[in-house]
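Kindly generate the complete structure, drawing on both the sequences and the hints.
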Amino acid sequence: MNCMHELALMQGILDVVTKNAHSYGLRRITKIKLVIGKLRAVVPDSLEFCFTTLKEDIPLIAQGELEVEIKEIEGSCRRCSHQFLVEGYRFRCPQCECTDVDIVSGSELYVDYIEGD
Amino acid sequence: MQIKLVSSILGVNDTLAAANRELFREKGVFVLNLMSSPGSGKTTILERTIEHLQHQLNIGVIEGDICTARDAERIAQKGVPVVQINTSGACHLDANMIASCLEDLNLDELDLLVVENVGNLVCPAEFDIGEDMKVMVLSVTEGNDKPCKYPLMFRESRALLVNKIDLLPYTNFDMDALEQDVRGINSAIQIFPVSALKDEGVEAWCQWLTQLVRRKREK
Ligand SMILES: [Zn+2]
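Chains as they are written, first to last, in numbering that gives the first Met the number 0: chain E, 0 to 116; chain X, 0 to 218.
By construction, these hints were calculated from the structure, which means they are not laboratory data.
It is possible that some hints are incorrect.
[Stated by the list, open to error] Output of the computed footprint for chain E on chain X, the stretches with three or more beta carbons under 8 Å from beta carbons of chain E:
#: 1; region: 6 to 15
#: 2; region: 46 to 56
#: 3; region: 117 to 131
#: 4; region: 166 to 173
[Said to hold, decoys possible] Calculated pairs, DSSO-like style, for lysine-lysine (alpha carbon to alpha carbon, straight line, at most 27 Å):
#: 5; chain 1: E; residue 1: 37; chain 2: X; residue 2: 77
#: 6; chain 1: X; residue 1: 3; chain 2: X; residue 2: 215
#: 7; chain 1: E; residue 1: 37; chain 2: X; residue 2: 215
[Unchecked claim] Partial list, derived from the structure: chain X residues whose beta carbon lies under 10 Å from chain E:
#: 8; residue: 185
#: 9; residue: 186
#: 10; residue: 190
Every residue, glycine too, gets a C-beta built ideally from N, C-alpha and C.
Following this line, the structure appears as structure tokens:
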């Protein structure tokens with residue numbers, strides 16, 4: 000199928016970066032830092048690949064590097080407020096066994112910062 | 000120079016989705032975002048659902064498709080209004096695509112709007128379109144490992160339709176294991192085993208859906 004999740008995401012990322020670079024008057028981006036939660040099912044290698052491919056056509060970003068921080072999934076129990084690491088996508092409180100769990104982190108998808116001059 | 004952004008990549012979409020959601024609330028239309036991988040039988044489920052419900056509810060459909068209008072034609076034969084969105088290659092529908100085709104539907108006359116998303120288990124979960132709920136279709140021929148591969152979609156869906164249960168004897172699909180995995184990710188999810196082809200289990204799903212649609216109408 001002609002879909003590549005990471006490609007669509009990377010296009011969105013580069014749009015955000017380009018807009019912000021213009022409004023801050025940057026002429027060259029040297030680094031882009033992303034934060035992505037594990038729930039997003041993003042493959043970092045594919046993301047890197049898409050970045051390398053797309054940036055070639057954008058002089059502003061062509062020299063830039065990409066850093067991706069993957070956030071673990073953290074849950075918070077609605078019954079006992081215990082906060083814990085969600086492993087194997089099992090949303091169950093290890094303290095009280097409750098399955099009513101809010102996501103504290105793990106669904107992030109944002110540009111943390113850009114560097115340039 | 001470092002510039003702190005913390006700007007969401009999905010920010011623009013989320014703003015548009017909120018506007019859609021407000022419009023749907025005003026009009027009292029319940030919006031269902033139906034998602035699956037390709038070949039899971041989503042369109043057949045939609046056909047059965049329309050047959051079961053069209054005497055009690057006014058239903059409209061938005062069909063998202065990468066390049067053909069085949070599914071939209073099938074739905075149109077059921078006698079409900081259907082709008083086709085050709086995503087020209089994009090692997091998901093977004094809030095803007097939905098907004099731009101709403102003028103082709105008379106929302107005042109609808110109780111239920113079903114958006115059949117592009118067949119894909121990753122991207123559609125990322126893009127809010129302003130729906131009331133996401134529902135997933137998984138067919139038994141796809142195997143058991145989907146929940147761990149696509150956790151976000153299972154986490155965000157209110158219901159899961161497990162389709163093609165008439166084929167269970169011919170697969171090594173383990174329904175108990177699937178239920179366990181899915182409930183591990185989302186303990187509140189409703190699971191409906193169905194065979195759209197044989198019209199099995201569809202009634203229970205339709206009753207549940209009708210309740211939700213009515214509840215929104217009454218607000
Ligand atoms: Zn607890």
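Going down the list of hints, with the structure as the test:
Remark: the region 6 to 15 of chain X is confirmed as covered by chain E, as 5 of its residues place a Cβ nearer than 8 Å to a Cβ of that chain, reaching the required three. Residues of the region 46 to 56 of chain X with a Cβ under 8 Å from some Cβ of chain E number 0, which does not satisfy the need for three, so the listed coverage is violated. Restraint check on the region 117 to 131 of chain X versus chain E: 6 residues with Cβ-Cβ distances below 8 Å, three needed, restraint holds. Against chain E, the region 166 to 173 of chain X contributes 0 residues with a C-beta closer than 8 Å to a partner C-beta. That does not satisfy the three-residue criterion, and the hint is violated.
At roughly 41 Å between alpha-carbon atoms, residue 37 of chain E and residue 77 of chain X are farther apart than 27 Å, so this suggested pair is violated. The straight-line distance between the Cα atoms of residue 3 of chain X and residue 215 of chain X is roughly 41 Å, outside the 27 Å bound, and the hint therefore fails. Taking the CA atoms of residue 37 of chain E and residue 215 of chain X, the gap is near 33 Å; set against the 27 Å cutoff, the hint is violated. Annotation: residue 185 of chain X was flagged as interfacial toward chain E, and the flag holds, the nearest CB pair being 7 Å apart, inside 10 Å.
Interface restraint check for residue 186 of chain X: the shortest CB-CB distance to chain E comes to about 3 Å, inside 10 Å, so the restraint holds. With a cut of 10 Å, the hint placing residue 190 of chain X at the interface with chain E is violated, because the nearest CB-to-CB distance is about 14 Å.
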